[in-house]
Structures are given as structure tokens and as C-alpha cells.
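Undergrad: Chain by chain, the residues run as shown.
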Amino acid sequence: MSVLVIAEIDTHGLKTATRSAISAAAQLGGEVHVLLAGENIQGIALQAKEIKGLSKILVADSPEYAQGIAENLSPLVRQLAADYQTIVAAATSFGKNLLPRVAALLDVAMVSEVTQILAPRRFVRPIYAGNLNATVAAPVGQLVLTIRPTTFAPAELQGGAAEVVAVASTGDAGKARFVSRELAVSDRPELATAKVVISGGRSLGSKEAFHATLTPLAEQLGAAIGATRAAVDSGMAPNDWQVGQTGTVIAPELYIAFGVSGAAQHVGGIKDAKIIVAVNTDPDAPIFKVADYGLVADLFTVIPALQSALKG
Amino acid sequence: MKILVQIKRVIDYQVTVRPTADGRNVETAGVKMSINPFDENALEAAVRLKEAGLATEVLAVAIGSAANQDVLRHALAMGADRALLLETEHTLGSLQTAKALKALVAREAPQLVLTGKQAIDDDAAETAQMLAALLDWPQATFASAITLADGVATVVREIDGGQETLQLNLPAVISADLRLNDPRFIKLPALMMAKKKPLETLPLAELGAVEAPALTLEAVNEPPARPAGRVLGNVDELVAALRAAKVLS
Ligand SMILES: Cc1cc2nc3c(=O)[nH]c(=O)nc-3n(C[C@H](O)[C@H](O)[C@H](O)COP(=O)(O)OP(=O)(O)OC[C@H]3O[C@@H](n4cnc5c(N)ncnc54)[C@H](O)[C@@H]3O)c2cc1C
Chain Z
3 MSVLVIAEID THGLKTATRS AISAAAQLGG EVHVLLAGEN IQGIALQAKE IKGLSKILVA
63 DSPEYAQGIA ENLSPLVRQL AADYQTIVAA ATSFGKNLLP RVAALLDVAM VSEVTQILAP
123 RRFVRPIYAG NLNATVAAPV GQLVLTIRPT TFAPAELQGG AAEVVAVAST GDAGKARFVS
183 RELAVSDRPE LATAKVVISG GRSLGSKEAF HATLTPLAEQ LGAAIGATRA AVDSGMAPND
243 WQVGQTGTVI APELYIAFGV SGAAQHVGGI KDAKIIVAVN TDPDAPIFKV ADYGLVADLF
303 TVIPALQSAL KG
Chain S
159 MKILVQIKRV IDYQVTVRPT ADGRNVETAG VKMSINPFDE NALEAAVRLK EAGLATEVLA
219 VAIGSAANQD VLRHALAMGA DRALLLETEH TLGSLQTAKA LKALVAREAP QLVLTGKQAI
279 DDDAAETAQM LAALLDWPQA TFASAITLAD GVATVVREID GGQETLQLNL PAVISADLRL
339 NDPRFIKLPA LMMAKKKPLE TLPLAELGAV EAPALTLEAV NEPPARPAGR VLGNVDELVA
399 ALRAAKVLS
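Chains as they are written, first to last, in this note's numbering: chain Z, 3 to 314; chain S, 159 to 407.
The shape of chain S in the complex, shown without the other chains (with noise of 0.2 angstroms):
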């Protein structure tokens, strides 16, 4: 059995993002990338998965630049068998990308498809579950836990108030919550031996018709500051000034 895994680059959790001058977009320029940090959760899930004899391939796909490549080879290290950049230099949509996916799902074959529930960057969270009805498959999102038997994935997901589990017959797309696992600490050796496997670049143009609606961003801001607010000297301070603003009784 093949596993995708759809990663993205997105710019590093630990920057401060701030808007171009234009204030018409995220400033990229000099910052520093790395894979989404939910898409490392599904790598980590497929190899996993792989290690305990259940699949047999796993595939790591980017879209986008050249420069995706860096997060290929990461995906590589972390125990991809092979990697695949479709390349271009437009900022896809969900939809797109999910249209993107459905092509390369027909030529690729793979029995599951993996993602992170949501990209660090717009936080949208709809890729897994568009490519999902796209395909007409059944879908798992936030998933916290994943067994497979029987052409069965057990499913356990992240839900508001507690967590629920779903059975859903393969193929099937599952997006990856954080606590579906600890991504491995990439060592130099696999750094190394990730050199030796296979990079693919395909000119997305190639997989056909991935023509879909996409939003336009007009403007990106800074959220209104919040007002300073106050250090105060003791317990007493406090709750007089919880009481003046009326939010204690």
C-alpha cells in the first residue's frame, strides 16, 4: 500500500510575521521557511506506518517553487522513499491544490492520502476534506490516532469537548492533528542517505486541468493592538480592578 503525504512550506512557527510595506501581503523576504508543522505529523504517521510493515511506499508531494525542495529533502530524511515537487510559481488555493491532489491521486495510486490539518500560514484547514469529496472518499480530519487493518483505518480524532473515533473503508484522507505523534529529530546520516533518494519535479501544468475558483487577498493587517495594560503590586490590587472593570462580582 502507497501513502501520499501533501507538505507545505510555510514560513518557521517561531517568526514574527509582520505585512509587505504594501500591506497587501505576509512579508517572505529574508524569512526564515520550514515544512508546516502539522505536515511533519503526517510524514511521521506514514512512516510509522511504513516501519510497521502496513504500507508500502511512502510519498512526499510539495507544490510550488524550486525552492520547496529544501522541504522535500527534509520529508526525505524523515523516511520518505521518494519525493515529488509539482512546480509553480502561483500561490494556490485549497481547492486548487485539492484539484492538484485528485490528479496526482490518478496517477499515483495510493491507497491514503496524509496532511497536516491546517497550514501555519493561512490556517484554513480544508485541503484534506476538499480532496476528499473530490475523490468521493471518505475523510478523517484532526486525527489523533490512526490503526490500519483489513483495509479498515481506525481513526481517532480531535474533537470540540472531547474526541470521537471513525472507521473508514480505504482509500481515505486523514489530516493529522500534532498529537498524532512526535516527529523524529532528523540525524545526519539520514540528512545524508536522503540525498541519495529520488527528487522528482513535475511542471504542474503537466497533470492537466487544475483550473478552480480561488480567493483574492486584498489586504493584510496587523490586528488592532490591545491597550497597554498595567502591572499591578499584589492579589488585593487585582480583584479591586477586576471589580472597577465588572467582570468579578
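Isolated chain Z, as found in the complex (with noise of 0.2 angstroms):
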């Protein structure tokens, strides 16, 4: 049986998380498809071809898919699913509010934020922040899952052939409405995928601060800058740059924590990063206890030291 990819489009176009999906799925056994709903998106359409795994690509290229809204695309979603043994999203902001939608219409208990797969239904999920792993079954029957992104390396974008076949749009549901959007717009990578990530915690002590001492840094390693929770809910960085259990899960191959106290529910977001690096004035603090390499010390001066023997 068959495995239906749900693909998430930005403005860049196929969301890398989507491919992790892909590759999620292709460990499920049984052809992958995936599903493209959007508006104008013949151009991804045809990138996504490509997609090492992928056999077939269905369209659906409406202007009530164009802004992701779960109330009209559950209920194509649900008209599809009845060709599918599973459904699969990436656990992004889209996934996660989309396929729980998706699930009720077709009365499945789903599993979400995957990180490994066990067996065809005996998945790995982290609870409690990243603190305990479950392992849990699901019943028979259809199979809706999020994967979690960083723990899936994405699909080759070469090697496949797959299919494009146009499908009809369910419609309108009337329900809701898209207003407005405001993403961060920044030449740095993406917090999410970003091979290299240093972040602040509330100890920079203000938005000046923050912006004035990490970014400088972040641009001589192509990084992107991350947050803790105390830092964005002081205003000093915005919501996006929050790292943990309530923001982004990352897993870069390096993460440089500046000021950052290491509570469980911001340790529970970088746990899968190759090397922690923390540098903190407090050796008792707990981020000490995730890093791999640990400097006790102010934060003011050690990036400047950093980034002088960053370019010797």
C-alpha cells in the first residue's frame, strides 16, 4: 500500500522538511507519493519530479490552497487518503496543524513528531520536552504520522522520475480566511536546516545587545542565531528565533550556546546537534551538562576573542 507524502511550498518553493518526510516514508515500505496543493505551482511541480523515491506527484493548483489553510485542505486530503495506507507531513508549523486536522475526518489515533520507525507501527516520539522517548503503537487501520524533520535526512532532490498527475480541487470551505503574513526575511540560513546555530539567552540583556553581539558573529560562520524563550519573551529577539520544546527542534552540526541557562525545555531542542559548545559564566549551570565543549566565561568577551581567531 502506498505512502501520501502531504508537501509543505514556501516562498522558496518544496520545504526541505518535506523531503525528510519522503525519506520517512520510503522506510514504510510501498510506493511514495506527494501531494502538492497550492496555487501556481506547476514550476515546483516539475523540480519536485526529481525527488529520489518519488513515484508520483499529484497537483492540485487552486488559489484556496495557496495560503495553506487546513480548512480546505483536510477535506482534499481526506478525498485522497481513501488510496492510501498512511499519511505523512514534516512536523512543521504547516504539518502540525494540518494533519490532526486530517486525522479526526478519518477517525485515526495519529502519531506525531516521529523520530524513528520501528516497525510499520511502532514508531519513537519524544515526550516531555525531549526528556523521555515513547515508544507506541498504532492500532490497525490507516496510519497518519509528522515526522520530525532533523531526525530524517531529506530525499535526494536527483534520481527520480516521478508522475505528475493534476487533481481536482475540493473547494472553498468558507471557514477561514487568510490575512496577512510576516516572515523574518534575512541572507542568513534558515534557523530550522542551518548547518551552524549560536543563540542568546536572556543574559544579553537587551534587543541592542542581542542584535549588536551575535550578529557580527553569526555572518562570519554562516549561522543562523537562535533564542531562548526568557530572550524572546523579553523582546529581544522575535518569537521564530526561539529554540526548544514550544519553538524550533534543531540539529545543526554545531551550536554554540552564549548566556543560555540550559532548562529542559530549551536542552530539548538541540539535543540532536553533533557538538554543543556553551559558554556561560555560571559553572554550575545546566547547560554544561548537554556540551560537548564548555568555556566559563562572559559572553562579551569571548565573541569578540572568537572572532579574531575565527580570521587568524
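Please note that the accuracy of each hint is not assured.
[Claimed, not checked] Covered stretches of chain S, as calculated for chain Z (at least 3 residues, CB under 8 angstroms):
#1 241-247
#2 267-279
#3 387-393
Quick caveat, the hints were computed from the structure, so don't treat them as lab data.
Because the structure is a prediction, the values reported are computed rather than measured.
All C-beta atoms in this analysis are idealised placements derived from N, C-alpha and C, irrespective of residue type, glycine included.
With the hints in hand, could you dock these two chains into one complex?
TA: Here it is in C-alpha cells:
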């Protein structure tokens, strides 16, 4: 039986997280198909054809799908689901918003944020902010899953030759209207997928200090900038920079935490980083328990020193 | 307009959670329990809408054992007018919870259902969307601002990379993010007043069929520990270590 992956489209095209969902779907066995729903997406469909492991792309090109409105997308997915054993999406804000709605329409107990597929019906997912892992079994019947994109490598963008099929729109449900979207524009890498992330906590002191201290180093390292909830709540950093249980979960090659205490809710979002570096004046800060390398030092002296060491 | 707020009793966020000795569940014996933090944001939003004259009644609902009376009292002290415990000894999955709430919505006829965007125990973030689907109502998840006017809710949502604004026709379901508000601190007089407010108990079974498929929890484990790290003496040592680990060029 085949798997249908619900694709997510953003201003750059197909999201990398969708290719992670395709990799996860491939582990379930059977053909992997993708649903691309949006407006003026024929170009994206042509790109997606090349994705390795994909055999079919269903394209629903219609204005009511342009903004990812769950009320409009869920009837479409429900209708297509009749032909599939499993529906998968990445656990991004888009996937988390849509798939539970789909699961309820299909009367399925879904599995969210899967980090490991043990068997076709047995999965590992983090609970309690990633402090524990749960192994869960799904009952017989259809499966609806969201997968954590950082734990499944994205399917390669080449080597595939999927067939492209148009599907008809199920129309506008007339329940929710899109008003506006404000996305941060930055030439730095995206937080969720950056290879290097540097982050700051409350100790940066102010919005001005946060940016003045971290931005030059981020540019030097080609890094994305993250923040703790305390830094976000006090207005130092925008909310989409928050790393952790209730922010973005990341798995960069290198994560450097400056003045971050290491609360469980923050650490839950960085556990899969390859190397964690902590810079904190308090030798007892919990962040040192998860760090590979630590400096017990003032971040305001470490950052300039790091910048000049990197130049040399 | 009535607002129904669903709250959940969970292990307090400051507790270090552990698996039970048999590794089949999470240890809750002797552990501090509290209202799910996101549900406090949902309650605060509901109470503020009432204070602004945009709602007439706030009903707080919890599903579970009699122990849930403490979080319902907390909700009453925060400003809910009534509390209702849907009593059951079973632990419900998200779809079961959504079906129970759907049956309750049919009785109570709220125009708005508010709940936290996720519960910090299973971190599933499913119930609000499932309830919206079952009711065929619109949804706004991860809300950081809510305004109501003329039967329409305008909601700012936190999304990857920024935020977006949606308009929903009421009735609707909204799930709260932490930045929706700062929940009020409960003072002693409010706690005393809460004792006089109605807290009703209804056996979940009396709501009618809430049969739904659920996941089986097979095991709970600590994630593999990261290898012990090293405290280094200075920035040069750090740069050398990172270059050796090939994460810096
Ligand atoms: C339901 C819930 C969800 C949450 N979700 C998240 C989440 O997703 N992400 C998140 O981050 N938090 C989250 N939190 C909050 C979390 O519990 C912590 O409060 C928060 O992470 C602390 O942020 P902080 O490290 O910036 O601040 P603090 O805990 O105040 O730590 C500041 C640190 O800076 C150090 N320091 C001070 N000055 C310097 C200096 N000059 N140089 C170096 N170090 C210095 C101090 O020693 C201290 O360790 C959540 C909380 C709850 C209740």
C-alpha cells in the first residue's frame, strides 16, 4: 500500500522538511506519492519530479490552497486518503496544524513528531520536551504521521522520475480567511536547517545588545541565530528564533549557546546537534551537562576573542 | 457568548521526569502536578475576553480522575465562572479527548473553544485541531493574539519563520501559544472566591459514546545520554577543538 506525503511549499519552493518526510515515508515500504497543493505550482511540481524515491506527484493547483489553510486542505487530503495506507507530513507548523485535522476526519489516532520508525506500526516519539522517549504502537487501520524533520535526512533532489497527475480542488470551505503573513527576511540560513546555529539567552541584556553581539559572529560563521524563550519574551529576539520544546527543534553540526542556562525546555530542542558548545559564567549551569565543549567565561569577552581567532 | 476552555493536569514543568521502574510509563507517584502551562494561557485569554465584555461565561473543563479538581479550582481562581470534570479513570488519547469535547460542545453550546497548543506531557499538539475537524469548525493553532468582533475571530498565529493572521467565522477552536498573554498570578481572595464557584462532576460515560482508536504506550526510556563534555581553558583551545571535530573550517 502506498504512502501519501503532504508537501509544504514556501516562498522558496518545496520545503526541505518535506523531503525528510519523503525519506521517512520510504522507510514504511510501498510507493511514495506526494500531494502538492498550492497556487501556480507547476514549476515546483517539475522540480519535485526529480526527487529520489518518489513515484507520483498529485498536483492540486487552485487559489484556495495558496495559503495552506487547514480547513480547505483537510477535505482534499481526506478524499485522496481513500487510496493510501499512510499519510505523512513533516512536523513543521504547517504539518502540525493540518494533520491532526486530517486524522480526525479519517477517525485515526495519529502519531506526531515521530523520530524513529521501528516497525510499520511502532514508532519512537519524544515526550516531556524530549526528556523522555516513548515507544508507541498504532492500532490497525490507516496511519497518519508527522515526522520530526531533523531526524530523517532529506530525500535527494535528483535521480527520480515521478509521474505528475493533476487532482481537482475540493473548493473553499468558507470557514477561515487568510489575512497576512509576516516572514523574517534574512540572508542568513534558516534556523531549522542551518549547519551552524549560535544562540543567546536573557543575559544578552537588550535587543540592541543581542543583535550587536551575535550578528557579526553569525555572519562570520554563516550561522543562523537562535534564542531562549526568556530572550524572546523580553523582546530581544523575534519569536521564530526560539529554540526548544515550544520553539524550533534543531540538529545543526555546531550549536553555540551564549549565556543560556540550559533549561530542560531549551535543551529538548538541541539534543540532536552534533557538537554543542556552552559559554556561561556559571560553572554549575545545566547547559554544561549537555555540552561537548564549555567555556566558563563572560560571553561579552568570548565573542570578540572568537571573532579574531576565526580571522587568524 | 460562552467560551469553553479545556485544561489538562500534567507533571509540573520544573519536575525532572523519569520512567517507571518497569520502563512502561512515566513515574507520577509523589510527583508535583500542575495545570498545563499553555492551558493557563488559554484560560487567561478567555477570562480577558469576558472582562472586555466580549464573552458572558467561561467554562473550564478537565478530563480525568477526581484529582483534577485542583487544576479546576485553579481555573476558577483565575476567573472561570464554572468548572466541569468529565470523570474517568482512563487516560485518553487526543482523538478520544476530542470526541468527548465534541459531545460536551453539543450540550454546552459554546461559541469558542480555547485550549493550550500542546500539553507538556505528551507534546502531541493534536486535540484542538481534531476537535475543530469533528465539529466542522475553523481552527487557529499556536495563537499569539486574539480579537473578536461581529462573529469573527482575528487570530495571529506563530508559524515557522514568522507569524500570520487568519480570520475565522465563529464558532471556532483556538489553541494558545505562550506569548498569547502572561497568565495572572492568583491571589488569596481569588482562591477563596473560587471555593464558592460551581465545580460539577459528570462521569465521562454519561456523555455518550466517545469510542475512538488510541495509541498503545509500549515503553518509556531516557534518551541516550550525550558523551561527557570538556571544559576548555580559552577561546584558542575551543577553536582548535572545533576544527579537529571538523565543524569549523
Ligand atoms: C511550557 C514551557 C515551555 C518552554 N519552552 C521553552 C523553549 O522552547 N525554549 C526555551 O529556551 N525556553 C523555554 N521555556 C523556558 C525555560 O524554562 C527557561 O526559562 C529559559 O530557557 C531560560 O532562558 P535563559 O537561559 O535565557 O535565561 P536564564 O535561565 O535566566 O539563564 C541565563 C544564563 O546566562 C548566564 N549568564 C549571565 N550573564 C552571562 C555572561 N555575561 N556571560 C555568559 N553567561 C552569562 C547565567 O549564568 C545563566 O545561566 C519554556 C518554559 C515553559 C514553562
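Undergrad: Taking the hints in turn, state whether each one holds.
TA: Hint by hint, here is what the structure shows:
1. Against chain Z, the segment 241-247 of chain S contributes 0 residues with a C-beta closer than 8 angstroms to a partner C-beta. That does not satisfy the three-residue criterion, and the hint is violated.
2. Counting residues of the segment 267-279 of chain S whose CB lies closer than 8 angstroms to any CB of chain Z gives 4, so the stated coverage by that chain holds, three being the minimum.
3. Evaluation of the coverage hint for the segment 387-393 of chain S: fulfilled, as 6 residues show C-beta separations to chain Z shorter than 8 angstroms, against a requirement of three.
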